[in-house]
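Novice: The primary structure of each chain is shown beneath.
2 protein chains.
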Amino acid sequence: MRILFAVLILAQLVFAADRLTLLPVPASAQTSGADFALANGFTIKTDGYSDARLQRAIDRAVRRMEARSVLVLARPSGAPAFIVACKSKGGDLPQLGDDESYSLEVTAQQVVLTSNTVVGAIRGLETLVQLVTPTSKGYVLPGVVIHDQPRFAWRGLLIDVARHFQPIEVLKRNLDAMAAAKMNVFHWHLSDDQGFRIESKKLPKLQGMGSDGLYYTQEQVRDLIGYAADRGIRIMPEFDIPGHSTSWFVGYPQFASAPGPYQIERRYGVFDPTFDPTRDATYKFLDTFLGEMAKLFPDAYLHIGGDENNGKQWTANPRIQAFMKKHRLETNNQLQNYFNKRLLVIVKKHGKKMVGWDEVLVPGLPKDVVVQSWRGLKSLDEGAKEGYGMLLSAPYYLDAMMSSQQLYLADPVPATSPLTAEERARVIGGECAMWGEELTPANIDSRIWPRNLAVAERFWSPANVTDVGDYYRREDAVSVQLEHFGLQHIAAPDRALRSLVGSSDVPAPVQVLMKYVEPYRLGLRHRLFEVRQTEQTPLTSLADVGNVDQPATREIVANVDRLLNDANFTAGAAGLQATFAELAQLDRSYPPAASGNPALEKAIPRAQDLAGLGRAGQEALTIINQNQAVSATWLSDHLALLDRAAKPTSGLNIGWLQSFRTLIFMAAARSQYDPLTQKQWREKVTADAAPKTVHK
Amino acid sequence: MRILFAVLILAQLVFAADRLTLLPVPASAQTSGADFALANGFTIKTDGYSDARLQRAIDRAVRRMEARSVLVLARPSGAPAFIVACKSKGGDLPQLGDDESYSLEVTAQQVVLTSNTVVGAIRGLETLVQLVTPTSKGYVLPGVVIHDQPRFAWRGLLIDVARHFQPIEVLKRNLDAMAAAKMNVFHWHLSDDQGFRIESKKLPKLQGMGSDGLYYTQEQVRDLIGYAADRGIRIMPEFDIPGHSTSWFVGYPQFASAPGPYQIERRYGVFDPTFDPTRDATYKFLDTFLGEMAKLFPDAYLHIGGDENNGKQWTANPRIQAFMKKHRLETNNQLQNYFNKRLLVIVKKHGKKMVGWDEVLVPGLPKDVVVQSWRGLKSLDEGAKEGYGMLLSAPYYLDAMMSSQQLYLADPVPATSPLTAEERARVIGGECAMWGEELTPANIDSRIWPRNLAVAERFWSPANVTDVGDYYRREDAVSVQLEHFGLQHIAAPDRALRSLVGSSDVPAPVQVLMKYVEPYRLGLRHRLFEVRQTEQTPLTSLADVGNVDQPATREIVANVDRLLNDANFTAGAAGLQATFAELAQLDRSYPPAASGNPALEKAIPRAQDLAGLGRAGQEALTIINQNQAVSATWLSDHLALLDRAAKPTSGLNIGWLQSFRTLIFMAAARSQYDPLTQKQWREKVTADAAPKTVHK
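Chains E and B, in that order, are what the protein sequence lines are. Counting in our numbering, the first sequence runs without a single skipped number right up to 696 at its last residue. Counting in our numbering, the second sequence runs without a single skipped number right up to 696 at its last residue.
Any given hint could turn out to be false.
[Unchecked claim] Listed next, the in silico DMTMM-like pairs over lysine to aspartate or glutamate satisfying Cα-Cα at most 25 Å (straight line):
#1 Lys-679(B) - Glu-619(B)
#2 Lys-205(B) - Asp-368(E)
#3 Lys-602(B) - Asp-470(B)
#4 Lys-172(E) - Glu-169(B)
#5 Lys-45(E) - Glu-535(B)
#6 Lys-172(B) - Glu-199(E)
#7 Lys-172(B) - Asp-223(E)
#8 Lys-172(E) - Glu-199(B)
#9 Lys-205(E) - Asp-587(B)
#10 Lys-172(E) - Glu-219(E)
#11 Lys-137(E) - Asp-587(B)
#12 Lys-205(B) - Glu-292(B)
#13 Lys-201(E) - Asp-505(B)
#14 Lys-325(E) - Asp-307(E)
#15 Lys-378(E) - Glu-423(E)
#16 Lys-202(B) - Asp-368(E)
#17 Lys-172(E) - Asp-494(B)
#18 Lys-348(E) - Glu-359(E)
#19 Lys-295(E) - Asp-368(E)
#20 Lys-515(B) - Asp-476(E)
#21 Lys-515(E) - Asp-561(E)
#22 Lys-137(B) - Glu-601(E)
#23 Lys-515(B) - Asp-505(E)
#24 Lys-172(E) - Glu-219(B)
#25 Lys-515(E) - Asp-505(B)
#26 Lys-137(E) - Glu-199(E)
#27 Lys-353(B) - Asp-476(B)
#28 Lys-202(E) - Glu-308(B)
Honestly, the hints are just simulated from the structure, not real lab data.
Just chain E, same shape as in the assembly (with noise of 0.2 Å):
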């Protein structure tokens, strides 16, 4: 009977959610039918605590409300029509484990929004925000009853402004996104080799000399901290130490473990620098420097890396193997667990709480240490077991370009985690991270949006939310709502295209080009470049212009899913026909609109590629439908065009190259079709087009 009863509820849910357009899905919502008419004039009154946080809240989503209907809602008169009733303040900021839940309850007369604090507050105007809805009667807000709160209390996105600098303006517009998405942990990526971002008042040589005049003056932090605060969300800093610090050692050599001078780095990867744990004056200068910081951030956490530190400096170094020698330190790891252990102490001293990657989960570390996993679920297991507070951010690095639904099906705890509840518990949450060697101001929205919406969703909502349909249906809606803050996610690859052609009249054939192909990830990404890419490379050509998660990438697989799974042969057929076509005239019309133009002409051979798929795309639907039989060589010869294509040519990933291999494959073997079962077939099929190991 509970069973029975909890199966209805769901379907309740699924049923308010689908129609509805929040993101992410709250955890309970009832639709009642009776909606609110929006018109101008729409009084708002407080009723219970109120500050100037909850105005501005307000505020701001009024006026979201305003542009959406083109209505002027917000009017001093009139009997309320929106009445915010938060029952009292929560903390002065925001911090872990705030009460963010909020009731919204929308009738035809009247709408209520209820929460035990401001930022419960903020978030349920989030939702009422997202609830405006064109009808053909007007504009208005669904008659709904919302309770809602997260799953996780720590939702964060990472931004790395350390290997590419980015003005306050696109962190503002940022978080604004991140709060309609619920969000609600910046995570700074402030130092690394290639930069040191913020203002020392203390040790001015670090910004002085270690960020090419590219940092964050004081008073910008604080008013960026204000803004996040506005928007119920935690600045957490990471100092990433001891490696990754080459940028510390310009101005500082006396630190490091081997004998300067130092560059600021230029290049990407992993490089030797890192700070000599051996001395008590390194750590008198870390105190220095995270107590100064410490006060600078209000948050109650402060993140200090401790990732992939090579310890080529240690080892190369007689003094430090020395002390090693002497205090019985075996391994470069226990000499990192020392370093960090006596870090602990001025970071606790400071009042924070120490937050590292997950290479500092090491025999040893005490447990009041937050540890950030990005290196996989089996770390978070591990370190969830042995007691302490997790992160997971190993699914979520937005630079590797998965998509929405790699990113959305990806769960800190899923089903079939091991962990017992009590262990589960320590799973804090999660962040994306958007690591910044391809980055730019320009392009960094549509690398960090809609994606992120994906994980915020993960993040907030139950954990059986998991339909990636209706998923990509809010996405998009929310995506555009977006645009509000000036977030240039959508825009900006039409923008970088128009550059490169020089004209605001892209001709049809290189549209089509980039509608089908879509960047690399990071990792690879670097070792195509003809030149070795360094933070000097100008991020413009014609692999920094294309989109992730690309509608006709999702369109193709979901075409070729369905031809699998249809016996008649005919699902998908059309739509995976019209695709074709468009592919298999681009070796003729893709050249000529791109001669003369050194951008565009790089990327003839991916035309070839693609018009060669569309071709065999169109032999194989053929094939299928009539059922032909093929001969000895038309699989090879496929199977090497399959291979032509997953060269990283261009550096132009095509996205759907394992769906167009089940294709061919299906091609192959239609004519064996008769004696199996649809099941058995599409097990062969599937079996027979298993992925080879491919650059992607």
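Model the placement of chain B on the given structure of chain E, informed by the hints.
Specialist: Only chain B this time, still in chain E's reference frame:
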């Protein structure tokens, strides 16, 4: 002989300008055919005067060249490929009369930029960036010798930040674009009835009570002045007095001509509040304020507004009337002149030259006031004759939504000017004016650019550079380049449409509708809205989305013109057929696409108008092509259709109605063609179709 030589020079100049894509066109440019090939590594050397400002300008230019070519240009090794030979510093800051001339010589081996001043070098660097050209042999700088200097010394853009506040980053990207177009004055309209937008430390109630908290701090102002100076742009502040001053009186009602209290004005138009010119306290107050501002703004010029003072408060105030009698001031104009003269003493005392709108131009105005004409050439010419330094703004109001062509062909000193050489020299230049009633940070760029390029070229290039077709070719290319600065002028309309539609997938009929309509000019727009517009009206309606100077409008106009001038009645007909076919379906396709979306549904009547025009256009083309006679009612029916289409439905203006009217009269008169010459017939049709007064 001399004339022939001049024609030859001009022909070469036009050839060079035609091959190149420079905007503004340089005073002189000779191409050589020996292009400089850009490649990774492009060593730069300064030869002569150099300083940090010049280095920053070089760095910015090289970064932009890199972004366009995807090359890494600046490398400190090898023989210098690019020599910047700047002879002297010039002023510490840009000022009126700066030597902005430069020469740029590109050979196959080297690029040499020569200038007398840093500002000259900054201008030349902009030309260099525009020279980057893709070819099938890679990116090149075309071999060329350019000698360039501006036609007018004052080439400005006014931005009104009072009606709607614009964040500093919006201003910065517009300053970048101004510099790319070689404009040199940013006229900052900082106060008006609707807002007081700058911090006064001495009179803090100005921004404290008059700005809703939306104002620039003095630190931001200083930063912006430096940013502009780096780009060779002066910043002239305007404090509009005695009228347009409601926001001043919110904090300081005692200086108004009628008792307070005052509120920030939310509506638009001309309002009564005005300074009391009869009290010494007023001048003391203005002395304090202007003294503070004179220190903050280093430029020699200070604009005191002076426009649209309706004088009602003066007329209604017996004390002021008595004062006028006593001082023998018979009119409000004379009283304002009295005010201006006392103001001038203050402005001069603080070391500034005074600028005012042309209302200040009354008998007795001291000759050292510079007058900016917003009322027309007549007023400009009068001022110049009387001996005043003059600026023209009348034809360059960007909110009047004129096309680039219209802006481009308006000349401060046209060939028909009645001014003598000496009087012409008094026309210092001009300014575009971007008034703020309909602006948001999201749409402002699209209202300024690319049209501002037309005026920038008018102010810089020789007067005989007037080829509209070539201008548009260059406008498109340079407009795309401006996106590098983060300008949203091309992206904004699409984004706004996505927002209204609520999806990234804008239905095709909506796209077709928006292709053929334009926003109404400010003055008319105000009268159209259902609710009277205020500062708080969301500027996100369909009427706000569209772009001015639509290519489709230009195409219709050009095609009708071709058809009218072709004795065979074929030129332009195919293009018009395609246009009308696209429109003729709109009454069937648009309503379902708009259904359920109130913002889109509002435009259904306009979609119906367009469909009617499409079908009528098809009929007209058939009549013209087949030399049919038309029925008695055909013309009147179609003129009725035009009348409907000319009504300001939905806030969407159809910009090509006059051309359509010509087409209709061509059809009506087709059967009368035979006895006439082509020229006679063309004249007849043109006279028949002469515009009636319509809403535009």
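Novice: All hints, please: hold or fail.
Specialist: These are the hints, each one checked on the structure:
Pair hint Lys-679(B) plus Glu-619(B) holds up; C-alpha atoms about 24 Å apart against a cutoff of 25 Å. Between Lys-205(B) and Asp-368(E), the direct Cα distance comes to roughly 51 Å. Violation of the 25 Å bound is thereby established for this hinted pair. Of the supplied pair hints, the one linking Lys-602(B) and Asp-470(B) is violated, its CA atoms being roughly 38 Å apart against a limit of 25 Å. Between Lys-172(E) and Glu-169(B) the alpha-carbon distance is near 12 Å, which keeps this suggested pair within the 25 Å criterion.
Between Lys-45(E) and Glu-535(B) the CA atoms are separated by roughly 22 Å; this keeps the pair inside 25 Å, and the hint holds. For the hint linking Lys-172(B) to Glu-199(E), the alpha-carbon distance of about 23 Å falls within 25 Å, and the restraint holds. Taken as a hint, the Lys-172(B) and Asp-223(E) pair is honoured in the structure, with Cα atoms around 20 Å apart against an allowance of 25 Å. For the proposed pair Lys-172(E) and Glu-199(B), the alpha carbon gap of about 23 Å is at most 25 Å, so the pair holds.
Proximity of Lys-205(E) to Asp-587(B) is assessed by CA-CA distance (about 67 Å); at most 25 Å being required, the pair is judged violated. Restraint check: the Cα-Cα separation between Lys-172(E) and Glu-219(E) comes to about 15 Å, which is no more than 25 Å; the hinted pair holds. Taking the CA atoms of Lys-137(E) and Asp-587(B), the gap is near 21 Å; set against the 25 Å cutoff, the hint holds. Using a Cα cut-off of 25 Å, the hinted pair Lys-205(B) and Glu-292(B) holds, with the two alpha carbons roughly 14 Å apart.
Taking the CA atoms of Lys-201(E) and Asp-505(B), the gap is near 50 Å; set against the 25 Å cutoff, the hint is violated. Taking the CA atoms of Lys-325(E) and Asp-307(E), the gap is near 24 Å; set against the 25 Å cutoff, the hint holds. Distance hint between Lys-378(E) and Glu-423(E) is fulfilled; the C-alpha atoms sit about 13 Å from each other, no more than 25 Å. At roughly 53 Å between alpha-carbon atoms, Lys-202(B) and Asp-368(E) are farther apart than 25 Å, so this suggested pair is violated.
Annotation: proposed proximity of Lys-172(E) to Asp-494(B) holds, straight-line Cα distance about 23 Å (limit 25 Å). Simply put, Lys-348(E) and Glu-359(E) have alpha-carbon atoms about 20 Å apart, close enough for the 25 Å limit, and the pair holds. A hinted pair counts as satisfied when its Cα atoms are at most 25 Å apart, and Lys-295(E) with Asp-368(E) qualifies at roughly 21 Å. With a C-alpha separation of about 24 Å, the suggested pairing of Lys-515(B) with Asp-476(E) holds against the 25 Å cut-off.
Distance hint between Lys-515(E) and Asp-561(E) is fulfilled; the C-alpha atoms sit about 20 Å from each other, no more than 25 Å. With a CA separation close to 10 Å, the supplied pair Lys-137(B) and Glu-601(E) stays within the 25 Å bound. The suggested pairing of Lys-515(B) with Asp-505(E) holds, with an alpha-carbon distance near 14 Å, which does not exceed 25 Å. Proximity of Lys-172(E) to Glu-219(B) is assessed by CA-CA distance (about 20 Å); at most 25 Å being required, the pair is judged to hold.
Of the supplied pair hints, the one linking Lys-515(E) and Asp-505(B) holds, its CA atoms being roughly 14 Å apart against a limit of 25 Å. Taken as a hint, the Lys-137(E) and Glu-199(E) pair is broken in the structure, with Cα atoms around 54 Å apart against an allowance of 25 Å. For the given pair, Lys-353(B) sits about 38 Å from Asp-476(B) by alpha-carbon distance, which is inconsistent with the 25 Å threshold. A threshold of 25 Å between alpha carbons decides the hint, and for Lys-202(E) with Glu-308(B) the separation of about 55 Å lies outside it, so the pair is violated.
Consistency with the previously given hints fails for numbers 2, 3, 9, 13, 16, 26, 27 and 28, ordered from lowest to highest.
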